[in-house]
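Protein chains in written order, with numbering that gives the first Met the number 0: chain G, 0 to 402; chain H, 0 to 409.
Treat the hints with caution; some may be incorrect.
SDA-like, lysine to any residue: derived pairs with alpha carbons at most 25 angstroms apart [said to hold, decoys possible]: (1) K370(G) <-> Y345(H); (2) K227(G) <-> S406(H); (3) K250(G) <-> S365(H); (4) K370(G) <-> D187(H); (5) K271(G) <-> G289(G); (6) K370(G) <-> S301(H); (7) K333(G) <-> S301(H); (8) K382(G) <-> L400(G); (9) K373(G) <-> F29(H); (10) K350(H) <-> E374(G); (11) K370(G) <-> L318(H).
Facing chain H, a subset of chain G residues (Cβ under 10 angstroms, in silico) [as the list claims (entries may be wrong)]: (12) D255; (13) K259; (14) W350.
Read the hints as simulated data drawn from the structure, not as lab findings.
Keep in mind that this is a model prediction, so the values were computed, not measured.
Built from N, CA and C at the ideal position, the CB exists for glycine as well.
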Amino acid sequence: MKVLMFGWEFPPIYSGGLGTACYGLTKGLEHHNVAVTFVMPKGPENITSKHVKLLVAENYFKNTKIRIKKIDSILMPYLTIESYEKNLYLEKQSPSKNLYGRNIFEEIYRFSERAKIVAQTEEFDIIHAHDWMTFRAGINAKKISNKPLVVHVHATSFDRSGGTNINQYVYDIERKGMHEADKVIAVSNYTKTIIVRHYGVSPDKVEVVHNAVDFSEEQTYRIEKTDKIVLFLGRITLQKGPDYFIEAAKKVLERDPNVKFVVVGSGDMEPKMIEKTAELGISKNILFAGFLTGEDVSRAYQMADIYVMPSVSEPFGITPLEAMKSGTPVIISKQSGVSEVVDHCLKVDFWDTDDIASKILALLYYETLHKTLKEHGQIEVKKFNWDIPAGKCLKIYNDLLKK
Amino acid sequence: MNVCFYFQVHQPYRMGRYTVFDIGNHSNYFDDQKNEEIMKKVANKCYLPTNKLLLNLIKKHKDKFKISFSISGVAIEQFEKYAPEVLESFKELSKTGCVEFLSETYYHSLSFMFSKEEFKEQVLLHKEKIKELFDQEPKVFRNTELIYNNELANFVEKMGFEGILAEGADRILSWRSPNYVYKSKTTDNLRLLLKNYRLSDDLAFRFGEKTWNEHPLFIEKFASWISENQGHSVNLFMDYETFGEHQWEHTGIFQFLEILPEEFFKRGINFVTPSELLKQEPKAELDVHNFVSWADEERDLSAWLGNKMQETAIKELYLLESAIKKSNNPKLLEDWRKLTISDHFYYMCTKWFNDGDVHKYFNPYSTPYDAFILFMNALNDIIIRLKLSQKETPRNPSFNLTDTPSSIMG
Chain G
0 MKVLMFGWEF PPIYSGGLGT ACYGLTKGLE HHNVAVTFVM PKGPENITSK
50 HVKLLVAENY FKNTKIRIKK IDSILMPYLT IESYEKNLYL EKQSPSKNLY
100 GRNIFEEIYR FSERAKIVAQ TEEFDIIHAH DWMTFRAGIN AKKISNKPLV
150 VHVHATSFDR SGGTNINQYV YDIERKGMHE ADKVIAVSNY TKTIIVRHYG
200 VSPDKVEVVH NAVDFSEEQT YRIEKTDKIV LFLGRITLQK GPDYFIEAAK
250 KVLERDPNVK FVVVGSGDME PKMIEKTAEL GISKNILFAG FLTGEDVSRA
300 YQMADIYVMP SVSEPFGITP LEAMKSGTPV IISKQSGVSE VVDHCLKVDF
350 WDTDDIASKI LALLYYETLH KTLKEHGQIE VKKFNWDIPA GKCLKIYNDL
400 LKK
Chain H
0 MNVCFYFQVH QPYRMGRYTV FDIGNHSNYF DDQKNEEIMK KVANKCYLPT
50 NKLLLNLIKK HKDKFKISFS ISGVAIEQFE KYAPEVLESF KELSKTGCVE
100 FLSETYYHSL SFMFSKEEFK EQVLLHKEKI KELFDQEPKV FRNTELIYNN
150 ELANFVEKMG FEGILAEGAD RILSWRSPNY VYKSKTTDNL RLLLKNYRLS
200 DDLAFRFGEK TWNEHPLFIE KFASWISENQ GHSVNLFMDY ETFGEHQWEH
250 TGIFQFLEIL PEEFFKRGIN FVTPSELLKQ EPKAELDVHN FVSWADEERD
300 LSAWLGNKMQ ETAIKELYLL ESAIKKSNNP KLLEDWRKLT ISDHFYYMCT
350 KWFNDGDVHK YFNPYSTPYD AFILFMNALN DIIIRLKLSQ KETPRNPSFN
400 LTDTPSSIMG
C-alpha cells in the first residue's frame, strides 16, 4: 500500500498539533507496512525523515516553472478574521519570519499546482490530504491520477472562529475538499457533527478516527520547584480559551496567592491576555513563556502540577494526552474531541470558570485525587497509540480500493 | 418447592454542584431538584405500578402470595417528601399481612465496617421508622448490598435478630446449594438466607437482554427452572427497581410478574417470607471470614472500597463521627449521616473505567473524580461547621482545604 500524503508541516518543522498528528499517524502507518510519501509546501533543502519519503514541494520542483498570481495577504492557516487586521498592523511594524511568509493564498495555489506534478511522478494507490490548506493539492492529485482521495479534517473554520465570522474563502475550500473526497476523516464525533451540519456532508461518508500520542523515548527532567504550577499550552487564540484560563487563575489566586500559572504558546490574543493579567493584578503569578518546542514542551508538562485545556472548540486536542503521559493530571473542556475518549481526567465547560478554579484547587489540595488521576491517567493514555488510528486509516484505504 | 422474594428499595441523596467556593458559605450539599426528579420518575415507572400489581396479586391469591421488602430510611424520607402516594401504597401492601419488611441501616451505609456504634444507631433509627409506618418489627436483617461476614452475623444476633440475608456466592458455598437455610457458624442460632444469584439475576439483569440465549424468558420456562430446584426455598433477591426501571415496561416484565404466582402454583411452587424460613432446620453451618456482597462479578467490597479516593473519603468521614456526635447539632449529624450513604463511594469507583466498560457504569456525576471532589468539599465544610459549633473560629477554608480533614480536628 502506497499513500501520497499532503500535509502542511512535519516535525521538526511545525507549529502545532497538525504537524504532531501527521508525524504520529505516518509512524503508525509504517507499522502497518504502508509506504507514505509526505509532501509539504516548504522546508529546508536537506530535511528527511526516517519513516516517510519526505518531499518539500518548493525544493523538489525548483526548476519547474509555475506561474503564480500574486495576492497580497497575511492570512495564516489558523488565524481568524478578527486577528487579521491586528496582524496586518503588526506585519507593517516588523515583517514576520513566519514559516509561510505573507501570502497563504499564493502558497496554497502554488502547492496545488505542484501537486499535479507530484501526482504524475510518484507512485501511489491513494491520496490523503490533511486540512484545508492541502485540500486543493489533494483534489488536483486526484484529477491527474484518478486515485481515491481521503481528506482528513483536524479542524474546521467553525473551531478557529468560535462559530462566528467564518472566512468564506477558507470555508469554500474546506467544503469543496470534503465533497470531492471519496472519504472524509474527522478527528472526533464532535468534528463529524460539525462536518455534517455545516458542510452538508452525508454522515455515511465521514469516518471518525481519534488521534493518539507519540510514545518515543522521552527524557525525565529533574525539576526543583517550590510553587504549585498550573499549565496552559497552546496557541493563544480565541479557539483555545486562554481568557477563561486567566479568569480561573484569578479565582484560584483569591484563595491561594502562591499558585503559579504558566502560559506556553503564542498567538494573536497574547497582547490582550498580558494586558488582562495586569488589569486583574495577577501578573506576578502568571508567566507567559512564549512558544516552545521539543524538550522544552516535555519539561513544561513535567514541571506542571495540573494541565488545563479550556478550549472553546477543540476538534481533538492531543496536548492532554501528552500531559497525562508525563503524569500530569488534566482538566479538559467538554467541548473537545479528546473528552469523548478520555475518562481519567476532570471535565469542565470552558465558560464555567468557577468550576475550573474549584477543580484546580481540589487537585492542588486533595492529594489523593491528584495521585489517583496521575496513576490512572498514565495507565489510560497507553491505549492512545498511533498504531490504532493508523490501522483505521488503512481499513479506510482498503475499503476505497475495493470499490 | 418454595420461593422467597425480597425486593430492595433504595434511593440515595445525590450531591449537587458544591464547589470549593461554596465551602463555608452554605451547606446545601444535595441536589434536591435532581433527587425529586429521579424519585418521581422511578415512582411512576416502577414503585407505583409494581405496588399496584403486587397488591392485586396478593388479593387475588389470598394468603398464598407473599413477598418481602427492605426500604432504606433515606428512600422513605424521599417518598415522604416527593412521592407520598408511594408510601401509601406500601402501607396498603403491609396491611394485607402478606408483606414482610426487613431491617437495614437507615442510611443504606457501610457503617458496620467503620463504626459499630453508628451501625447500631442507624439500624435502630430504621427499626423505629418501620414500626411507625408499617407497625412491623423486623426479625430478619439485611445489610447494605448484602455485605456479610461472621462478625456481622455475631453482632446482628446480639442485637436480637433471628436471621440475616446474604449473597449465595460460590466462594462461601463451594459445592453447597443456596436453596437451604444455613446457620452462621460463629453465632448461637442465627439463620442465614442466601440469594440464588443465577435465578435472581435471570430476572434482575438478563430478562430483557436480547443477546442472552434464553431470551425471551417466558414464565413457563422460568417456573420450570425453579421447580427443578431442591431445598427449603429458592431465594429471589433483587432490587425492586428491576420492575420498570432496570427492565423497562416494554420487555414484558410486568406481564411476566402478573402471571407468575399462578404459574408457580400450577407447578406446586409456593411462596414464603424470610421469617417463615427461620423455622427450617439449618442444613449446615457456614463460616465466612471475608466480606461478601451482591455487587458485580467480584461479589466483594471493591465497588465501594476499591481505590485510594474511596478509602480516604470513607475513613475521613468516620474519623469525624465522635466530634459530630459531641457537637450536639442535629442538622450537622443529619448531613454527616447522609454522607454515609454507600452510593457516594460507589460513584467514586474507577474499576470499570480500567476495563473501558463505561456502559456498566451508573453515575450522576460526569466522572468518579467529580464524586470525590464533591464529597471532600462537603467534608471540608462540615469541619467549619464543627469548629463553629465548638465556638472556635474556623481558619480560612481555602488554606485548610484538605482531603484529610480529620487532622484539623486534632
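These are the hints, each one checked on the structure:
no.: 1; hint: K370(G) <-> Y345(H); result: holds (19 angstroms)
no.: 2; hint: K227(G) <-> S406(H); result: holds (22 angstroms)
no.: 3; hint: K250(G) <-> S365(H); result: holds (23 angstroms)
no.: 4; hint: K370(G) <-> D187(H); result: violated (46 angstroms)
no.: 5; hint: K271(G) <-> G289(G); result: holds (14 angstroms)
no.: 6; hint: K370(G) <-> S301(H); result: holds (19 angstroms)
no.: 7; hint: K333(G) <-> S301(H); result: violated (29 angstroms)
no.: 8; hint: K382(G) <-> L400(G); result: violated (29 angstroms)
no.: 9; hint: K373(G) <-> F29(H); result: violated (28 angstroms)
no.: 10; hint: K350(H) <-> E374(G); result: holds (13 angstroms)
no.: 11; hint: K370(G) <-> L318(H); result: holds (22 angstroms)
no.: 12; hint: D255; result: holds (6 angstroms)
no.: 13; hint: K259; result: violated (17 angstroms)
no.: 14; hint: W350; result: violated (15 angstroms)
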